Amino acid sequence: GAGVSQTPSNKVTEKGKYVELRCDPISGHTALYWYRQSLGQGPEFLIYFQGTGAADDSGLPNDRFFAVRPEGSVSTLKIQRTERGDSAVYLCASSLTPGDTEAFFGQGTRLTVV
Amino acid sequence: QKEVEQDPGPLSVPEGAIVSLNCTYSNSAFQYFMWYRQYSRKGPELLMYTYSSGNKEDGRFTAQVDKSSKYISLFIRDSQPSDSATYLCAILTGGGNKLTFGTGTQLKVEL
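If you read the protein sequences in the order shown, they are chains A and B. The first sequence maps to residues 1 to 114 in this note's numbering. The second sequence maps to residues 1001 to 1111 in this note's numbering.
No wet-lab data here; the hints were simulated from the structure. Just to be clear, a hint being listed does not mean it is correct.
What the hints assert, rightly or not - Straight-line distance between alpha carbons at most 20 Å, and here's what the computed SDA-like set of lysine to any residue pairs gives:
| no. | chain 1 | residue 1 | chain 2 | residue 2 |
| --- | --- | --- | --- | --- |
| 1 | B | K1098 | A | S38 |
| 2 | B | K1056 | B | K1042 |
| 3 | B | K1042 | A | T52 |
| 4 | B | K1108 | A | Q41 |
| 5 | B | K1098 | A | E44 |
| 6 | B | K1042 | A | G16 |
Predicted model, so just to flag it, every value in this text is computed and none were measured.
Full structure from sequences and hints, please.
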């Protein structure tokens, strides 16, 4: 497909468990972003990758959250010891170059921690 | 104070109405002002953006920025039921690498 792909679409996990959320950006896009959207709120920035490196991780809420992009394309957002407050839609976006005004979003992974 | 404030609505209008959606922002240094549309259970999609101040028109949509009052607006003319969605204003910050969103306004256009 031509768009940003996120898997899984939905994830239900128990409190305390570890989860991984995957993002396949648009082919050739060097910049990749993760956002989190809680119910009734706008997306909140988590982390931004330029190529393989995390250029800005200032939005990660705490050290339970970590993200990687080892080969500069697919990225994985990892959450350890999940808490009920982590329940949200996790959105991934990519853009052709860093600072590009148009970022393309995936449909998100809906994470529910029970 | 939040960097971007937006009335969450919901806003319900009849088909054909003119819709006005608004946000305020806090930092006068902001230059790029974006409007995203988000359908239920989908990711946001960029509708349009303006750089600095002034108006920008694209079909039935007009984006407006008033930097003196730190106010941004999106107008939708001849609204259609297919326009029913959540509209998010956003500021491009962090050297152009971070979007700061408002809460979104939920719009319903009724037949």
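Which earlier hints turn out false for this structure, listed by number in ascending order? 2, 3, 6
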